[in-house]
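Colleague: This is what each chain is made of:
There are 4 protein chains.
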Amino acid sequence: MSILIRGGTVVNADRAFRADVLTDGDKVVAVGTSLEAPSGARIIDAGGQYVMPGGIDPHTHMNLPFMGTVTQDDFFTGTAAGLAGGNTTIIDFVIPNPQQNLIEAYQQWRGWAQKAAGDYTFHVAITWWDDTVHRDMGILVRDHGVNSFKHFMAYKNAIMADDETLVKSFRRALELGAIPTVHAENGELVYQLQQDLLKRGLTGPSSHPLSRPPMVEAEAANRAIAIAGVLGTPVYIVHVSCAESLEAITRARANGQRVYGEALAGHLIVDDSVYASPDFDFAAGHVMSPPFRSKHHQDALWHGLQGGNLHTTATDHCTFCAEQKAAGKNDFTKIPNGCAGVEDRMAVIWDAGVNTGRLTPSEFVKVTSANAAQIFNIYPRKGVVAVGADADIVVWDPEGSRTISARTQHNKGGFNVFEGRTVKGIPTTTVAAGKVVWRGGQLMAVEGAGRHIDRPAFVPVSAK
Amino acid sequence: MSILIRGGTVVNADRAFRADVLTDGDKVVAVGTSLEAPSGARIIDAGGQYVMPGGIDPHTHMNLPFMGTVTQDDFFTGTAAGLAGGNTTIIDFVIPNPQQNLIEAYQQWRGWAQKAAGDYTFHVAITWWDDTVHRDMGILVRDHGVNSFKHFMAYKNAIMADDETLVKSFRRALELGAIPTVHAENGELVYQLQQDLLKRGLTGPSSHPLSRPPMVEAEAANRAIAIAGVLGTPVYIVHVSCAESLEAITRARANGQRVYGEALAGHLIVDDSVYASPDFDFAAGHVMSPPFRSKHHQDALWHGLQGGNLHTTATDHCTFCAEQKAAGKNDFTKIPNGCAGVEDRMAVIWDAGVNTGRLTPSEFVKVTSANAAQIFNIYPRKGVVAVGADADIVVWDPEGSRTISARTQHNKGGFNVFEGRTVKGIPTTTVAAGKVVWRGGQLMAVEGAGRHIDRPAFVPVSAK
Amino acid sequence: MSILIRGGTVVNADRAFRADVLTDGDKVVAVGTSLEAPSGARIIDAGGQYVMPGGIDPHTHMNLPFMGTVTQDDFFTGTAAGLAGGNTTIIDFVIPNPQQNLIEAYQQWRGWAQKAAGDYTFHVAITWWDDTVHRDMGILVRDHGVNSFKHFMAYKNAIMADDETLVKSFRRALELGAIPTVHAENGELVYQLQQDLLKRGLTGPSSHPLSRPPMVEAEAANRAIAIAGVLGTPVYIVHVSCAESLEAITRARANGQRVYGEALAGHLIVDDSVYASPDFDFAAGHVMSPPFRSKHHQDALWHGLQGGNLHTTATDHCTFCAEQKAAGKNDFTKIPNGCAGVEDRMAVIWDAGVNTGRLTPSEFVKVTSANAAQIFNIYPRKGVVAVGADADIVVWDPEGSRTISARTQHNKGGFNVFEGRTVKGIPTTTVAAGKVVWRGGQLMAVEGAGRHIDRPAFVPVSAK
Amino acid sequence: MSILIRGGTVVNADRAFRADVLTDGDKVVAVGTSLEAPSGARIIDAGGQYVMPGGIDPHTHMNLPFMGTVTQDDFFTGTAAGLAGGNTTIIDFVIPNPQQNLIEAYQQWRGWAQKAAGDYTFHVAITWWDDTVHRDMGILVRDHGVNSFKHFMAYKNAIMADDETLVKSFRRALELGAIPTVHAENGELVYQLQQDLLKRGLTGPSSHPLSRPPMVEAEAANRAIAIAGVLGTPVYIVHVSCAESLEAITRARANGQRVYGEALAGHLIVDDSVYASPDFDFAAGHVMSPPFRSKHHQDALWHGLQGGNLHTTATDHCTFCAEQKAAGKNDFTKIPNGCAGVEDRMAVIWDAGVNTGRLTPSEFVKVTSANAAQIFNIYPRKGVVAVGADADIVVWDPEGSRTISARTQHNKGGFNVFEGRTVKGIPTTTVAAGKVVWRGGQLMAVEGAGRHIDRPAFVPVSAK
Ligand SMILES: [Zn+2]
Ligand SMILES: [Zn+2]
Ligand SMILES: [Zn+2]
Ligand SMILES: [Zn+2]
Ligand SMILES: [Zn+2]
Ligand SMILES: [Zn+2]
Ligand SMILES: [Zn+2]
Ligand SMILES: [Zn+2]
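Chains as they are written, first to last, in the working numbering: chain A, 11 to 474; chain B, 11 to 474; chain C, 11 to 474; chain D, 11 to 474.
None of these hints come from the bench; they were simulated from the model.
The structure presented is a predicted model; accordingly, all values stated were derived computationally and were not measured.
Take the hints with a grain of salt, since some may be wrong.
One copy or two, it doesn't matter: identical chains are merged, so the pair holds either way.
Below are the EDC-like pairs computed for lysine to aspartate or glutamate, each with C-alpha atoms no more than 16 Å apart in a straight line [claimed, not checked]:
| no. | residue 1 | residue 2 |
| --- | --- | --- |
| 1 | Lys166 | Glu409 |
| 2 | Lys474 | Asp55 |
| 3 | Lys339 | Glu457 |
| 4 | Lys305 | Asp146 |
| 5 | Lys339 | Asp146 |
| 6 | Lys434 | Asp341 |
| 7 | Lys178 | Asp141 |
| 8 | Lys474 | Glu409 |
| 9 | Lys125 | Glu114 |
| 10 | Lys434 | Asp291 |
| 11 | Lys209 | Glu373 |
| 12 | Lys422 | Glu333 |
| 13 | Lys474 | Asp407 |
| 14 | Lys344 | Glu185 |
With the hints as extra help, turn the sequences into a complete structure.
Modeller: Structure below.
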């Protein structure tokens with residue numbers, strides 16, 4: 011089937027220009043002015059609208075077993091919600107238990123993901139180390155389209171990677187042409203601060219940010235960057251939430267090191283005043299790590315995106331409902347960490363980024379799809395509207411608006427950290443793999459329509 | 011006429027890929043695998059080679075009247091030398107005398123440029139201020155394809171712009187959709203340091219760098235950036251030569267300000283030991299401003315290019331012969347400032363940048379053409395190998411090598427700051443405006459073949 | 011006459027220790043435990059209190075003709091108010107009109123200062139340049155006890171010093187063993203921003219901070235530091251009010267440059283929300299330059315004092331009454347700039363600095379007297395409680411408190427930027443030149459009792 | 011017995027002044043002009059010389075069992091060498107084996123120290139953790155005059171402290187009024203780099219610096235500072251050797267954190283070219299950790315001392331002879347780490363610091379004694395020439411000179427990293443505890459004359 015998107019302004023990372031876009035099957039086959047519609051083609055009028063690459067959320071957790079429970083969104087509901095928001099690809103995480111065989115865990119996640127409505131691919135977490143892990147990293151890269159590995163520097167007594175694991179895994183990744191990514195928080199400090207707060211009787215959600223101050227995050231970011239720098243590998247820091255952490259990235263980049271940083275939509279928009287709420291459900295609903303920060307840090311993150319020191323925006327989409335959050339009623343350390351967002355990322359970043367003049371439309375495309383596609387080596391299949399690229403396209407109406415609410419959202423969990431925020435700039439049509447999956451407020455997601463996207467290892471460019 | 015460049019690896023800023031490239035007239039008309047050669051097409055075998063956008067040198071001075079003399083290279087010899095080096099476009103400077111009418115000066119330069127063999131366009135310098143300057147900036151933008159204005163913060167008692175001029179001109183540029191650029195050196199300090207050195211009898215070329223230490227440059231860069239920041243205009247700093255100046259840019263960018271920086275091939279490669287030479291001709295041959303710096307600063311500049319805090323590479327090509335340089339035999343302040351480079355820029359940056367692993371081929375394209383094209387708003391006409399772009403292409407043999415020397419160079423001046431350096435990675439073919447102008451070591455530059463490239467004012471992207 | 015201060019804790023910059031302090035005439039003659047009171051000595055019980063060097067306010071303007079009017083406080087009322095606050099020495103400013111002979115201006119100020127109740131000394135401003143200024147700087151240093159010169163980088167069309175004056179004056183200061191000081195704001199930017207605001211009809215006091223944003227200050231600070239760095243002279247930046255300006259100092263110090271910074275009590279305590287007041291008198295009452303800043307900048311200033319990148323605290327005491335401020339009713343640029351503070355500096359800094367744990371008592375002494383005494387070369391005559399030092403002492407009750415108000419203050423002007431603030435930690439006794447001048451809430455200031463303090467030129471230490 | 015040091019220029023941290031100094035027993039009893047010599051007093055002519063507090067080396071290892079051997083210098087020879095160089099106090103280290111009882115280890119070191127000729131005191135290392143360590147830290151502070159604890163972040167599989175130990179020990183120190191100190195190098199990275207180098211057959215001493223690059227040190231410094239910052243404790247970083255590590259300190263200080271840094275005389279003077287020597291004994295003789303660095307880092311360290319971001323100078327005096335160093339003939343990781351220096355520290359820092367204009371004599375006193383005395387709470391007993399202070403004095407001839415050599419040194423080990431360096435500025439007399447122990451080139455050190463100096467816990471200043 012063909013789709014002709016007519017009369018819009020195509021926005022890519024490098025420029026914006028008037029053009030029609032024609033798809034055939036799951037590919038873009040033409041980008042140009044006054045394209046003819048093949049017979050049977052569906053025509054979508056994009057007049058006065060932008061035509062952009064579908065969003066890539068490089069950080070989601072669908073169907074995640076975590077802290078003794080499982081997230082509300084599975085791969086179908088999660089990716090479907092993403093499609094409603096103009097997001098056509100997610101990069102999720104395989105998180106083996108310590109001692110669990112990597113390939114086994116990987117297959118588990120691949121199984122869960124069968125039902126996805128949108129495209130997906132996986133970072134694989136290195137939560138422990140022995141020779142089989144070393145071996146299986148190789149197998150994943152060679153045979154399973156994995157080119158990135160995740161490391162948690164937090165979550166002591168669970169999945170925290172110590173320096174030895176970081177060094178060994180980073181080095182292995184380098185040798186395989188894969189990129190290490192890190193959740194940067196000093197797990198030991200978090201743990202000690204949590205114990206202190208609990209001892210002092212400060213058991214509510216307002217203790218959550220106190221147990222994870224910016225310096226705890228910045229320390230870990232700096233450490234991961236130092237290890238990567240010494241070994242000569244690039245590194246990608248997930249969910250950079252504070253000025254100090256960003257400064258570690260900025261310093262390293264200014265020294266010529268290849269360091270990438272990711273900002274979450276939540277961290278860019280929501281501030282830490284939410285934890286002061288006396289309403290447990292509300293405060294706990296915002297418990298994620300790193301926590302929301304003050305306006306000062308939000309400004310810093312925007313500056314990071316503007317100045318090229320942060321590269322991607324994500325959500326860490328990880329939905330727990332009120333009942334699940336209630337597990338931490340008497341102990342904030344037991345509140346399952348996580349918030350939703352995959353459905354709203356594109357809109358809130360457009361609203362707070364483009365409408366305010368912080369980002370141009372092209373820069374919006376960079377930080378919502380193109381950079382992620384390049385960093386994780388699925389460009390130009392993803393991240394650009396161009397001939398040969400996947401037909402993953404969002405038609406964006408800069409004049410449309412909607413008010414975000416848990417009541418109207420498509421993802422599960424019953425909570426939304428952007429609740430009540432009215433955004434201007436919304437997706438009117440989402441095309442995924444050449445199919446219209448969202449149009450006129452109707453979601454047409456199909457369970458199982460999503461495909462696993464193999465990501466090849468990085469190999470140096472050669473003219474040979 | 012058509013040219014089919016076959017079998018190479020196309021390198022653009024966003025990626026590298028195997029593809030043939032077909033031109034027709036002065037445009038690229040196809041980029042793809044296994045392209046058919048139209049009848050009569052010239053076929054160029056690019057097997058094992060890179061096919062890249064022709065270089066853009068955003069900072070040259072051809073035919074420049076300066077310090078009482080005129081540069082050796084006129085627009086023909088200068089652009090022809092550029093073509094031999096894979097450089098197909100230059101951005102030169104119109105520099106009105108204080109009190110000279112801007113339009114008159116602009117026409118003067120346009121006249122001199124008629125003989126150019128390669129494409130050219132002009133920054134116009136604002137060397138004085140009154141209402142006519144304000145008016146004429148508008149005329150240049152609206153009617154003459156000028157979208158950038160240059161400001162000299164050095165050269166006291168000549169073309170130095172004081173803060174009042176900077177503020178007024180930057181503000182005017184903002185209102186016109188043009189970008190201000192600056193030569194950043196504190197002219198007052200330079201002047202005083204020169205007088206001191208002369209008084210102390212230190213009249214030789216070794217005094218040149220002493221009169222322009224890094225802090226003198228960094229101060230001015232910081233000032234220009236502050237003025238731009240306060241007014242809300244982007245700014246472009248030409249020939250950033252030292253770590254401290256780069257730090258001013260890096261700080262501003264980290265704060266979200268739109269600041270761009272340019273590094274000269276000379277500053278990236280040549281160090282300040284040249285000024286210690288007892289051979290006047292040799293030392294004076296290297297006299298340019300800012301001067302060459304120590305290795306520490308060179309490393310910093312490379313880091314700036316790698317980390318995205320510097321964006322373009324240029325040459326400040328400005329050729330004076332030994333006889334001209336001899337004007338400063340007894341007073342270094344009278345040595346005409348300037349060095350050549352347009353012919354060697356691409357090769358020395360490839361050699362010191364790509365061969366060393368500092369830059370990928372795509373990053374090389376960014377800093378040698380794509381970024382300049384975007385910053386000065388001639389993208390995607392220039393700066394990318396894509397359908398619809400100008401047929402300005404360089405075919406690059408990463409295995410070829412040559413030894414740079416004034417004896418074999420095509421530009422005038424009889425001196426080369428890269429003398430004796432053997433580079434690996436050379437242009438085997440240059441196509442400019444759809445014509446083969448350099449191939450197999452033969453230069454086929456045609457006087458007058460170059461075209462003025464209008465650069466439109468910046469207007470915000472809109473879907474309307 | 012002798013005074014024995016008994017039972018207190020002496021606080022000097024290097025340590026705190028239990029000791030009695032005995033004065034004789036205008037000098038301290040003994041510091042030790044269990045000192046005997048000479049017959050006739052007045053005994054002051056300092057039990058439970060601190061005994062510290064009298065404050066030195068290195069930045070005041072008494073009797074200042076400025077913007078067409080004269081400050082309310084003359085040298086008597088101003089220094090008397092200082093004594094009530096534990097401040098025993100001020101460094102005021104001689105500000106010649108452009109073209110005015112320096113010595114003549116200096117004598118004018120010396121005349122006005124005859125009536126001072128506390129000790130005083132003068133920075134002399136360099137507001138213009140010719141050979142007589144060069145000569146007179148020498149005369150002031152050699153014959154008049156002046157070792158510091160002030161430069162205004164703001165106040166265009168009035169007393170602003172351009173780069174040429176800065177360079178020449180800094181160099182002259184270096185050769186004389188004097189230290190240059192600067193009011194750092196880019197006067198051209200301030201002027202243009204003021205004109206813009208007025209043109210846009212934004213004539214009220216809320217425009218004042220908009221005309222002097224942080225970048226305007228930071229630019230000038232950076233420039234002054236660069237000039238000093240190039241010339242090799244130390245430099246002292248007065249009233250550092252923002253993070254960016256402090257960063258310029260911090261950078262230079264980290265590079266080994268001798269740069270000193272001064273913070274005003276007002277900038278440390280009061281934030282810029284005052285300018286939003288609809289009450290003209292209130293808002294205008296806070297108009298000074300640089301303006302008050304946001305909390306972010308206040309935090310930065312405290313960090314500067316804590317980390318040793320700022321060295322002194324001052325007030326820029328400069329009192330204009332409501333009638334005077336009303337001159338700018340319809341044009342904020344005509345509001346006389348200035349606020350009082352000499353009476354409250356010690357108390358507000360103790361309260362916000364020591365009571366909060368930011369500063370130790372010894373660090374309080376450093377930033378309220380010792381550092382100023384050392385930087386301006388009147389140490390150890392001033393700035394330490396030690397044998398041989400001037401008997402300028404404040405007895406400080408850390409438990410005492412008072413509420414600051416214009417209704418109860420001793421200085422003129424009828425306004426107080428700290429209005430309503432209750433401070434804990436107050437001077438119970440001030441001894442100046444061996445006389446009790448403040449005790450039990452009674453001010454015993456004597457007109458004319460103050461002395462001019464000669465400040466010798468800096469000469470390198472030698473064992474010869 | 012009394013000593014009258016006559017006619018010199020006393021240099022303290024706050025100023026320099028002409029005065030005679032009189033001692034009685036082990037104390038200074040008078041500082042003033044024209045002091046009378048009591049009968050029987052020994053008179054020392056200090057005309058044309060400086061009279062300064064005896065040096066404090068806050069980082070030595072006498073009699074250290076390390077890497078399977080014991081240092082050549084015991085407490086007698088080591089402290090005696092210190093006296094010859096004007097150094098009257100050392101702070102050495104008690105380093106318990108993992109699992110060793112702290113008090114037992116402490117007593118062991120106290121026993122070894124009985125023979126010291128100069129005063130000494132101990133940092134105690136925390137090399138492991140359990141409840142007894144927590145308890146014994148308290149005993150050491152309360153009963154044994156210990157107020158600082160050392161943590162090694164390097165030396166994996168030996169004495170390395172992991173993050174858990176760091177957090178717990180830092181917190182315990184805070185509660186006790188003690189200061190944590192750290193050897194900052196990421197032990198995991200060092201270990202992995204060592205293994206890599208050995209595997210690649212790079213077994214010689216030139217691999218030593220490659221296994222400990224600056225980033226390895228900076229990471230650990232940053233981590234220790236972050237932990238201290240989160241917990242609210244001050245922290246002291248020993249042997250800061252590189253720009254990046256210093257930057258971590260500078261950043262933290264600029265944020266108001268109480269962080270102190272120590273530079274080694276060796277790192278200030280000697281560069282890393284020594285490791286390139288083909289002479290194993292020479293190269294191995296320089297093996298210490300962190301290793302010597304390039305000139306760039308040396309400049310940074312001097313800037314750190316000048317700008318107040320580094321506070322003390324030490325030596326890490328730790329002497330191994332050639333036979334001991336030879337243990338690493340075939341494996342650089344087995345070369346005992348350590349170099350001498352206690353005898354030369356004062357002279358090389360004077361020569362490279364004061365003679366070059368980097369430091370004033372008062373600043374020299376700060377970084378060679380006064381700051382260490384204040385940071386480790388033995389001021390004003392040590393670190394100042396003042397009534398009541400210990401009679402630890404060095405008379406310094408700024409015109410005297412000597413050439414440093416292992417052939418003429420007093421310490422053991424047969425090697426000197428400053429070999430052949432001629433310094434101007436030497437101690438002509440050292441007085442320790444009121445006794446002349448060095449004069450006219452004769453060393454009169456007495457075994458056992460040194461005393462343990464109790465260092466009290468830090469308690470907040472109070473007027474009560
Ligand atoms: Zn995470
Ligand atoms: Zn996550
Ligand atoms: Zn220039
Ligand atoms: Zn130029
Ligand atoms: Zn001022
Ligand atoms: Zn003032
Ligand atoms: Zn160590
Ligand atoms: Zn050590």
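Colleague: Under a CA distance limit of 16 Å, which applies to Lys339 and Asp146: within one copy, between copies, both, or neither?
Modeller: For Lys339 and Asp146, neither the intra-copy (40 Å) nor the inter-copy (38 Å) Cα distance is at most 16 Å.
Colleague: When Cα atoms must be at most 16 Å apart, do Lys474 and Glu409 count as within-copy, between-copy, both, or neither?
Modeller: between (49 Å within a copy, 10 Å between copies)
Colleague: Using 16 Å as the alpha carbon limit, work out where Lys434 and Asp341 are close: within a copy, between copies, both or neither.
Modeller: neither (39 Å within a copy, 39 Å between copies)
Colleague: Is the C-alpha distance from Lys474 to Asp55 at most 16 Å within one copy, between copies, in both cases, or in neither?
Modeller: Only across copies: Lys474 and Asp55 sit 13 Å apart there, 44 Å inside one copy, limit 16 Å.
Colleague: How would you classify Lys166 and Glu409 at a CA-CA limit of 16 Å: within, between, both, or neither?
Modeller: neither (47 Å within a copy, 46 Å between copies)
Colleague: Classify it for me, Lys178 with Asp141: is the Cα-Cα distance of at most 16 Å met within a copy, between copies, both or neither?
Modeller: within (10 Å within a copy, 32 Å between copies)
Colleague: Under a CA distance limit of 16 Å, which applies to Lys474 and Asp407: within one copy, between copies, both, or neither?
Modeller: between (44 Å within a copy, 11 Å between copies)
Colleague: From the Cα coordinates, with 16 Å as the cut-off, is the pair Lys434 and Asp291 best called within, between, both, or neither?
Modeller: neither (28 Å within a copy, 41 Å between copies)
Colleague: As a check of your reading, is Lys305 near Asp146 (CA-CA no more than 16 Å) within one copy, between copies, both or neither?
Modeller: So Lys305 and Asp146 fail the 16 Å test inside a copy (42 Å) and across (43 Å) alike.
Colleague: My question is about Lys344 and Glu185: at a cut-off of 16 Å on alpha-carbon distance, are they close within one copy, between copies, both, or neither?
Modeller: Classified as neither; 38 Å inside a copy, 29 Å across copies.
Colleague: Classify it for me, Lys209 with Glu373: is the Cα-Cα distance of at most 16 Å met within a copy, between copies, both or neither?
Modeller: For Lys209 and Glu373, neither the intra-copy (47 Å) nor the inter-copy (34 Å) Cα distance is at most 16 Å.
Colleague: Please sort Lys422 with Glu333 into within, between, both or neither, judging by C-alpha distance up to 16 Å.
Modeller: within (13 Å within a copy, 65 Å between copies)
Hint check: violations occur at hints 1, 3, 4, 5, 6, 9, 10, 11, 14; the rest are consistent with the structure.
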